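Undergrad: Residue numbers (this note's numbering): -13 to 271.
Derived from the structure by calculation, the hints contain no laboratory data. Among the hints, a few may not be true.
Unchecked claim - Heads up, simulated DSS-like pairs for lysine-lysine below, C-alpha to C-alpha not over 25 Å straight-line:
1. Lys171 x Lys139
2. Lys49 x Lys113
3. Lys203 x Lys171
4. Lys220 x Lys139
As the list claims (entries may be wrong) - Just the calculated beta-carbon pair ranges, DEER-fashion:
5. Lys258 x Ala33: 43 to 51 Å
6. Asp91 x Val177: 26 to 34 Å
7. Glu86 x Asn234: 27 to 35 Å
8. His168 x Gly59: 44 to 52 Å
Note that the coordinates shown come from a computational prediction; the quantities given were computed from them, not determined experimentally. Yeah, the Cβ is synthetic: ideal placement off N, Cα and C, and Gly gets one too.
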Amino acid sequence: MMMNRRQLLLNIGIISAGIAGAAVTGFVAYPFLIAKARKELMISGSAAVSRFVALLIPPFLEKFTHAKIDIEGGGSFAGLVALDNGGIDLAMMSRDLNFEEFNLDLHSHLIGIEGVAIVVHPSSSVKSISLEQLDGIFQGSINNWDQLGGPNKKINVYTRNEGSTTRAFVEDMVLRGSKFRHDAKLCDSAVELVNALAEDQFGIGYLTIRNLSEKLKTIAINGVEISDKTILLKLYPLCRDMFLVSKNTASQIARDFVHYSLSGSAQDIFVKHGLTQVSQQEYKL
-13 MMMNRRQLLL
-3 NIGIISAGIA
7 GAAVTGFVAY
17 PFLIAKARKE
27 LMISGSAAVS
37 RFVALLIPPF
47 LEKFTHAKID
57 IEGGGSFAGL
67 VALDNGGIDL
77 AMMSRDLNFE
87 EFNLDLHSHL
97 IGIEGVAIVV
107 HPSSSVKSIS
117 LEQLDGIFQG
127 SINNWDQLGG
137 PNKKINVYTR
147 NEGSTTRAFV
157 EDMVLRGSKF
167 RHDAKLCDSA
177 VELVNALAED
187 QFGIGYLTIR
197 NLSEKLKTIA
207 INGVEISDKT
217 ILLKLYPLCR
227 DMFLVSKNTA
237 SQIARDFVHY
247 SLSGSAQDIF
257 VKHGLTQVSQ
267 QEYKL
């Protein structure tokens, strides 16, 4: 059972008294004891990571029935700041810690890697394009296949609707703040995009690995084909890491959740939903 609010406040009062008596020692002990006292797990940060982490909560709570988990977005940096300030237990980040952010009290745990494939009709003669060319295609400065060594035909761009996390990934990694061309064809789902491209010899779009279909062909980016191997080796450019970040003073429930995210059963869930597996640890809940 969760500790009630009165007991938690009592603990805080005791800790505060300790701080008054020994400022330095109390300041160090405060976040550790609070984290140790509460059974609630608070996770915040990258929205891209949160949609995968959220998948682990139901099976985790089946075993840790006493726990309560709150999860929300807000961005990688905001999550890291909240973690550093003691406001949350785990931060979600779609990148690793940079040099300025690194310190010995923080530990980043790679839990998966997301990769996005560029797909075309199977009859397309274009086998590889650069990341810069892809940017031009999606923005509209490259609008004919003959600019890429293909036929003299207009390029038809297919994209997901606003709100799609895969679209947000492409906007971040390819367009870098720019917008899709005004005549891009909007698709409500990955299935709709697959079916539309399968009927359009001159179309191009994007899918996560999970949604790849035999109806379509993938195009290499910078000469590199998408695969679990090229993603793990950091050779394929359209991929991003998914991290959970913890502190040395992390509560036991936070440590358990990190360990579970790296277990075989959790990794299987991630793979089913489009991530590349990064761990196969034996971990029993």
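Undergrad: Now, for every hint given, state plainly whether the structure supports it.
TA: Hints and how they fare:
no., hint, result
1, Lys171 x Lys139, "holds (17 Å)"
2, Lys49 x Lys113, "violated (48 Å)"
3, Lys203 x Lys171, "holds (19 Å)"
4, Lys220 x Lys139, "violated (33 Å)"
5, Lys258 x Ala33: 43 to 51 Å, "violated (20 Å)"
6, Asp91 x Val177: 26 to 34 Å, "violated (45 Å)"
7, Glu86 x Asn234: 27 to 35 Å, "violated (19 Å)"
8, His168 x Gly59: 44 to 52 Å, "violated (28 Å)"
Comparing the model with each earlier hint shows violations of hints 2, 4, 5, 6, 7, 8; every other hint is respected.
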